Amino acid sequence: MKGKSAIKVLIAKPGLDGHDRGAHVIVRALRDEGMDVLYTGIRQTPERIAAVAADEDVDVVGLSCLSGAHCELFPRVLQELRARGRGDIPVLGGGTIPPEDVSELEQAGIRRVFGPGSSLEEIIAAVKELAEEKRKGDARKGESSSPARPDSD
1 MKGKSAIKVL IAKPGLDGHD RGAHVIVRAL RDEGMDVLYT GIRQTPERIA AVAADEDVDV
61 VGLSCLSGAH CELFPRVLQE LRARGRGDIP VLGGGTIPPE DVSELEQAGI RRVFGPGSSL
121 EEIIAAVKEL AEEKRKGDAR KGESSSPARP DSD
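Residue numbers for the sequence shown follow the working numbering, beginning at 1 and rising by one.
Hint data in this document are derived by calculation from the structure and do not stem from the laboratory.
Note that the structure is predicted; figures quoted are calculated from it, not measured.
Among the hints, a few may not be true.
[What the hints assert, rightly or not] With a straight-line cut-off of 16 Å between C-alpha atoms, the simulated EDC-like cross-links for lysine to aspartate or glutamate are: (1) 8 - 32; (2) 4 - 129; (3) 8 - 72.
[Unchecked claim] Okay, the calculated beta carbon distance ranges per label pair: (4) 119 - 83: 29 to 35 Å; (5) 68 - 5: 24 to 30 Å; (6) 79 - 4: 27 to 33 Å; (7) 108 - 57: 21 to 27 Å; (8) 143 - 28: 23 to 29 Å; (9) 5 - 109: 43 to 49 Å.
Beta carbons: idealized from backbone N, C-alpha and C, even for Gly.
Model the full assembly from the supplied sequences, consistent with the hints where possible.
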């Protein structure tokens with residue numbers, strides 16, 4: 001494949017949500033943009049989401065929550081990612097998230113929060129931006145961990 005590899009995104013539904021129509025819309029929109037999208041399905045634990053994200057080496061994790069448990073579940077996913085040494089994977093969240101909860105989620109480390117009425121264009125742009133930031137960070141880490149080459153005579 002020439003050029004950059006496709007952005008790899010994990011979309012997940014933590015907690016007891018049973019409704020995933022919105023998540024399917026996001027999955028389709030991201031795939032239509034040429035991204036490699038994995039969808040875990042409903043009723044996933046933070047541990048499972050973090051394990052899949054780490055195992056699949058995704059660029060971005062997107063969480064969807066309609067149950068009102070976002071302030072508990074989203075930070076737990078971040079905690080599980082850090083426990084696996086993958087705190088570098090940016091996480092964004094969406095769903096029925098009241099505006100007053102946004103700052104709490106952002107302070108916990110959620111990079112972007114999308115509530116009702118957010119456009120697909122906004123979400124796609126955020127995923128692209130976060131993936132690019134992560135990839136630049138990965139490249140910097142790779143450069144700094146490369147062994148120094150000896151001078152040749």
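Each hint, compared with the structure:
About 13 Å separates the Cα atoms of residue 8 and residue 32, which keeps this hinted pair within 16 Å; it holds. Between the alpha carbons of residue 4 and residue 129 the distance comes to roughly 14 Å, so the proposed pair stays at or under 16 Å and holds. In summary, the hint linking residue 8 to residue 72 is not supported, as the alpha carbons are separated by about 25 Å, beyond the 16 Å threshold. A C-beta distance of roughly 34 Å is found between residue 119 and residue 83, which places it inside the suggested range of 29 to 35 Å.
Checking the proposed 24 to 30 Å range against residue 68 and residue 5 shows it is violated: the Cβ atoms sit about 37 Å from each other. Between residue 79 and residue 4 the beta carbons are some 30 Å apart, a value that agrees with the proposed interval 27 to 33 Å. Here the CB-CB span from residue 108 to residue 57 is close to 23 Å, well matched to the stated 21 to 27 Å. The hinted window of 23 to 29 Å between residue 143 and residue 28 is violated, with their beta carbons roughly 36 Å apart.
For the pair residue 5 and residue 109, the beta carbons lie near 26 Å from each other, so the given range of 43 to 49 Å is not met.
Checked against the numbered hints given earlier, the structure breaks hints 3, 5, 8 and 9 and satisfies all the rest.
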